[in-house]
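Work out the full structure: start from the sequences and follow the hints.
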Amino acid sequence: MRKTFTSTATKIIKENKNTALLLGDIGVYGFKDMLSAYPERVFNIGILEQSMVSVAAGLASEGVIPIVHTIAPFIVERALEQIKIDFGYQKLPGNFVSVGASFDYTKLGCTHHCPGDVNILSNIPKMNIFIPGHAKEFEDQLSNNWDSGKVNYYRLSEQANSEPIDLGLGEIRKLKKGDRGVLIAVGPFLREALKCLTDLDIEIHYSNSITGLDSMKIESEFSGKKVIIFEPYYSGALLLKIIEQLSANGCKVMQIGIPKEFLEKYGTYQEQLQHLKLDSTSIRNIVENFLNK
Amino acid sequence: MFKTLSICSITKARIFALKHDFNTEKNTILTYSNSTVNKNDVIDFQRLQALRAKILKAASRSNEGHVPSAFSILDILYSLYILLPKKSNINFTKNDIFVLSKGHAALALYAILEEAKIIGPEWVDTFGDFESNFGGHPDMNKIPGVKASTGSLGHGLPITIGKILAKRTQNVDFRAYCLIGDGELNEGSIWESLIIASHHSMKELTVIIDSNTSSNRALNLGSLESKFDSLGFDTKNIDGHVHKDLVSGFTNFHTHKPTAVIAQTIKGYGISEMENNPAWHHAAPTQEQLRTFIKDLI
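If you read the protein sequences in the order shown, they are chains A and B.
Take the first sequence: its letter number 268 is residue 268 in this note's numbering, and every next letter is one higher.
Take the second sequence: its letter number 293 is residue 293 in this note's numbering, and every next letter is one higher.
Derived by calculation from the structure, the hints in this document are not laboratory data.
Hints may contain errors.
Simulated DEER-style distance windows between Cβ atoms [as the list claims (entries may be wrong)]: (1) A:I243 to B:K94: 48 to 58 Å; (2) B:S215 to A:N18: 31 to 41 Å; (3) B:P144 to A:I286: 49 to 59 Å; (4) A:K91 to B:P278: 28 to 38 Å; (5) A:K91 to B:N252: 35 to 45 Å; (6) A:I286 to B:G188: 36 to 46 Å; (7) A:K177 to B:D129: 54 to 64 Å.
The calculated lysine to aspartate or glutamate pairs, modelled on DMTMM-like cross-linking and capped at a C-alpha distance of 25 Å, are [to be verified]: (8) A:K84 to B:D173; (9) A:K17 to B:D173; (10) B:K94 to B:D139; (11) A:K150 to B:D139; (12) A:K91 to B:D129; (13) A:K91 to B:E131.
Beyond 10 Å from chain B on every Cβ pair, some chain A residues (computed) [what the hints assert, rightly or not]: (14) S7; (15) K17; (16) R284; (17) K293.
Ideal Cβ placement from N, Cα and C applies to all residues, glycine included.
This is the structure we're talking about:
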């Protein structure tokens, strides 16, 4: 997805004079040619995330739409107030592209983890959050939304599904039929779901964004069914968008997401999944137990 | 402390002299205690006293507002919006930019925007009301002439820098002024922004520091002049209540360095009970106090 970010952002910057790219000293090598070719619109602005976001807002306020890029916790958690006030409250358009997701940088430790980003940002009114499950999905999301007039957050990950699925903002797509329950997988977690749950008699749905609107709609006859929400970050953001629909249908809901604990182990991504009981075997057991209750 | 007392004595002498010239039509220089005053100064003084009265009235009516902070910067804004355009082609309704980063001094901005005929007088009688466009901090989506919705300190300067970067892509002539408080200099984002401005040789930028020393009780920043110098700014240290010096500071720029105007000011300037009195920081005058203060102004 990082390579796709470089190519997509490069295309946008080249084709649109009313854009700017701000790098927080991350991803600089990939944009070295752009930094030389467009010094007035492409900046390695420095390791100063809160100012980077405010500078981006200043650009937006004068009609230059910014794309801002660095590692997830530094932009979301360090510069949250700047995103909230300078973009959200001031109603300015902007694009924030992060890398690292929940714990892609497993060996770098907790300082570079950001499982809280989606829930944190979903508290900013009207903010759109994209959780692409595939590089192609991200390419489409950024290309179609960079000038939407909204504040957009794109959560890039090193984890990806095998195939892209073409979804609109806030869309939830049914991928598989079933009678015993409904599972909604978000972003790259679809891969885990398809790996271990395909043979179960459940509907599998997919989403790769959390809209800034109040609600999202699931197309399903799920009255009274058990619903599992499977998110690659701290649970919660998607449930808030669909809770009225689930309540109205008397659904019993279980959320599976990144547990709220500091991940103090290193190792590989797969080792982290096993440690957190988010690997295929564990997920299968959790889902079966829930359905059988 | 010496500098503050010195400025205080000069400015009080000027106010005293101006008050005594209030009803005269003489176009003469008046001297009082080493301070000289001419007729234009008298007119400016009268206008500013009227603006102070409006600010007091708005705050008292609403029981809200940071009046001393507004009075600290009123001369700065008057010099920027009213006096500077008479001596230059600065026009804040066109390409030039002003951002009030210390948004809690909004009452001064509202008063000056009205004086500059950018907004009407309604702010005085609606300030803080439920349906009002005029709150305790300025909202750029509600008020013409407000370039950023500030209030949380440390945002306005980096926003100004972003505006400069954008203006540079649009090939227009402009200047950008950003007013920050010296207390706001506690914020890390300010120092980050100063580094950015210096790195990008933002000769278009003038950072105005409202140096009223009110936050020294938390952190004493020492010499601001040497700090801004070392960061690559063309730095001027002036009396923030002397219009001539302010206008001069706002019109003289370096060829490639950003400018810093350190304006030595008195928080609460113009109302002796408020001057350098922390009790008034976020307090509004009662009706009785309002009558007393306005009587004192006139």
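Item to check | Hints the structure fails to honour | outcome: 8, 15
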